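Colleague: Here is how the chains run, residue by residue.
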Amino acid sequence: MTIASSSPPSRLPTGAAAEVRSRTGPPPGGAGEDRGDGRLAALFIAPALLGFLVFLLWPTLRGVYLSFTRYNLLTPAQWVGLDNYVRMVNDPIFWNSLWVTVEYVVINIGVQTAAALAIAVLLQRLTRSAVLRGIVLTPYLMSNVVAGLVWLWLLDTQLGIGNEIIGAAGLDRVPFLADETWAIPTIALINVWRHVGYTALLLFAGLQAIPDDMYEAARVDGASEWRMFWRITMPLLRPVLAVVLIMTVIGSFQVFDTVAVTTAGGPANATNVLQYYIYGSAFGRFQFGYASAMSVALLAVLSAITVLQYRLTRAGRTDLG
Amino acid sequence: MTAVTTTTPARVRPARRAFPFGRAVAWTVMGLIVLVTLLPFYWILRTALSSNAGLGADPTDPLPVGLTLGGFERALGLQSAEEAIAQGGAGGGLDFWRYLLNSVLVSTLITGCQIFFSAMAAYAFARLRWRGRDAVFGLFLAGMMVPAIFTLLPNFVLVKQLHLVDTLLGIALPTMFMTPFAVFFLRQFFLNIPREVEEAALLDGAGKVRIFFRVVLPMASTPLVTLGVLTYITSWNDYFWPLMVSYSDSSRVLTVALAIFRAQTPATGVDWSGLMAATLIAALPMLVLFACFARRIVSSIGFTGIK
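In the order they appear, the protein sequences are chains X and Y. All residue numbers for the first sequence refer to numbering that gives the first Met the number 0, where the first residue is 0 and numbers rise by one. All residue numbers for the second sequence refer to numbering that gives the first Met the number 0, where the first residue is 0 and numbers rise by one.
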C-alpha cells in the first residue's frame, strides 16, 4: 500500500512553496520517484471514479440515447430517431403531467419558502435554542412514504382527525386526497411539512452570517422588526436564499413518493405528476424509450430553471464564508 | 448560544415599548409551528396503540381507544391471518423484522462505503498531486448538476443486465461508491486542515497512506459523522430506487414494505392501527439515530446543505 509514499521529496515546510512547484508543470510521469503522487492517487480515486463513470456518467449518456429508441427491456433497443419526442409533444397526458407538476411546485415552493423564512427568522431573532431547531427538523427524518401515510390518515374523510375537526366546526368534510381540486395542494403541503424544517435550518445558517451589531444599530435607531427584516435580513440573505431556492425547486420537480402512496396519480390523472407518469410508462407499460424521452424533457426543464434562477438572482456568490 | 439576548436592555427599552406584544405573537407562532410539527407523531403512536374498532367508534379521543398491541403484532407478522382479519387487518403476512434488517443492511452498506470511498477521493483531490486532477474534479462537480432521478431508469437497465435486480447489493450499488456532493464536501474540509500537521508526520517518516488513516481521518471525524448520519437517513428513507429494484421479501426495504402494506389493506376499512404501527417501526430507528447526534447535525446543516 505504500508504493508512492516511500520516497516523499524533502518538501519545504511551507505548503505554499510546494503548491507553486506543483503548478509549474505536470508531474513527471512514469518514474514516480518524486513529487507526483500518481499511483497513490490512482488508488485513492479508483473506487469513486468507478462509481462516477458507471453509475452517473454512463447512465446519463445512456438515458439520452434510450430516448431515441424503442426499448422494452427484453429485446435490444431499436433506434427510432425523434419518434418518442414527437409522441410526447402530442401526448395530452404528458402535458397534463407537466402542468400538474408545475402546479405542485408552485404551491410547494411558495408555501415552503415563506414558512421556512418565517421559522428561520423566528429562530434567529427570538431564540437560538438548539432544541427548537432539532424539533423543527424531526419531520425531515421521516421518509416521504411515512409522511404521506401519516397525513393520509390525519386527513381521512371518514375517521381522520383533520376532518373530525372540520366536521365539529359545522363545515362539510373535505376529501382532501380524493378530490381533483384538493389533491395537488394537499400533497404539496404534506411535503412542506416534511421539508420545511430542513429548509429553515439552511436559511438559519445563512442568517447567522449577518452580524448582530447591524440589528443592534437599527434597533437603537428605532427600527421595527418588520423594517429590519426588509432592510437588513432580506438583502443580506439573498445569495443564500437563491441557492436554497434552486436546490428546493429541483427537488420539488422530482416529486414521486408521496403521490405513489397517497393517490397513485388519481383521481383521474389529477395528481399524475411527471415523475409518476414516467415511472408508469417504464414499469407499467415497458416503454423505456418513451419514459427516457420524458426524463430528458424534465432534465431540460430543470436545467433551464437553474440557469434562469441563477441569472435572475445573481447567485454567483454562494459560499457563506 | 443565548448571548444575543443579554445586550443592554436598559438603554434599548424606549425603542422596544411595543415589542413585548410582538414577542408574544412571535412565540405563539413558534408554539403553533412546534405543535404542527410534533402532533402527527403523537397521533401515529396513539393510533398504533388503538384497536381498529376503537378508532371507528371514537375518532377524536386524544388517548388510544381500546388499548392494544394488535397493530404492532400485525406489522411484525406475529398474528395468524384469521386473527389479523378479525382485528381489521389484511392478513397478508408482512414481516417487518425482515424489512427492518434489509433496511439496516442496505443503509449501512451505502453509508460505510460511500463515506469511505468519497473520503479517499476527496483526499486525492485535496492533497495528492497528479496529472489531470483538476479536470477530473471538474467532471465530478458537473455531475452534481445531473438530478439523481435522471439516472434511475438507465441505472435500472444496468442493474438488470448485471443480474442484480432484487438483491440488496443492487439497491446499494449506484450510491455505494460516491456522490459528487460527499466528495466535494469532504474535499473542502481536507483543504482546511493545516498542511503543517501532515508535513510534521511526513518528516517523521510516515507515508501518505498512513497519514490519511492516522492523521486526516481522525481530524475529520466530525464532518465524517455528520455526513454519515445524513447519508444513512437519506438511504433509509429512499423509496423510488428500491421500488424499481426489489420485487420480493429478499430485498424489500421498509419504505417499499410500507407502501405494500398500504396497498394490501382493504380500501373500505383501512387497517389504520396496523399501518401506523408499521410506520412507527419504520421511523423509530431514524428518530433514535437523530436523538444521538442531534446537536451535531443541527449545527452543521448549513454547511452540508449549501453546495
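Please note that a few of the clues may not be correct.
Claimed, not checked - Pairs of lysine to any residue residues, derived as SDA-like cross-links and limited to a Cα-Cα distance of at most 20 Å, are as follows: (1) Lys159/Y to Met144/Y; (2) Lys159/Y to Pro75/X; (3) Lys159/Y to Leu72/X; (4) Lys159/Y to Trp57/X; (5) Lys159/Y to Gln286/X; (6) Lys159/Y to Tyr214/X; (7) Lys159/Y to Pro238/X; (8) Lys159/Y to Asp248/Y; (9) Lys159/Y to Asn89/X; (10) Lys159/Y to Phe212/Y; (11) Lys159/Y to Val85/X; (12) Lys159/Y to Leu37/Y; (13) Lys159/Y to Arg124/X.
Said to hold, decoys possible - Residues on chain Y that point at chain X, a partial pick, calculated with CB under 7 Å: (14) Tyr41; (15) Ile43; (16) Leu44; (17) Arg45; (18) Ala56; (19) Gly142; (20) Thr233; (21) Asn236; (22) Thr278.
Calculated directly from the structure, the hints in this document are not laboratory data. From a predicted model like this one, the values you see are computed outputs, not experimental measurements. Every residue, glycine too, gets a C-beta built ideally from N, C-alpha and C.
Colleague: None of the hints should be skipped; say for each whether it holds.
Modeller: Each hint, compared with the structure:
1. Lys159/Y to Met144/Y: 25 Å, violated
2. Lys159/Y to Pro75/X: The given pair, whose Cα atoms are some 13 Å apart, holds under the 20 Å limit.
3. Lys159/Y to Leu72/X: The given pair, whose Cα atoms are some 9 Å apart, holds under the 20 Å limit.
4. Lys159/Y to Trp57/X: Holds: Lys159/Y and Trp57/X sit about 15 Å apart, inside 20 Å.
5. Lys159/Y to Gln286/X: 16 Å, holds
6. Lys159/Y to Tyr214/X: 58 Å, violated
7. Lys159/Y to Pro238/X: 43 Å, violated
8. Lys159/Y to Asp248/Y: 18 Å, holds
9. Lys159/Y to Asn89/X: 31 Å, violated
10. Lys159/Y to Phe212/Y: 36 Å, violated
11. Lys159/Y to Val85/X: 28 Å, violated
12. Lys159/Y to Leu37/Y: 41 Å, violated
13. Lys159/Y to Arg124/X: Violated, at roughly 53 Å.
14. Tyr41: Check failed: Cβ of Tyr41/Y comes no nearer than 11 Å to chain X, outside 7 Å.
15. Ile43: 6 Å, holds
16. Leu44: Status violated, d = 11 Å.
17. Arg45: Not OK, violated: Arg45/Y not within 7 Å of chain X, min 9 Å.
18. Ala56: 10 Å, violated
19. Gly142: 5 Å, holds
20. Thr233: 10 Å, violated
21. Asn236: Because about 4 Å separates Asn236/Y from the closest Cβ in chain X, which is inside the 7 Å limit, the hint holds.
22. Thr278: 5 Å, holds
This entry does not satisfy hints 1, 6, 7, 9, 10, 11, 12, 13, 14, 16, 17, 18 and 20, going by the numbered hints stated previously.
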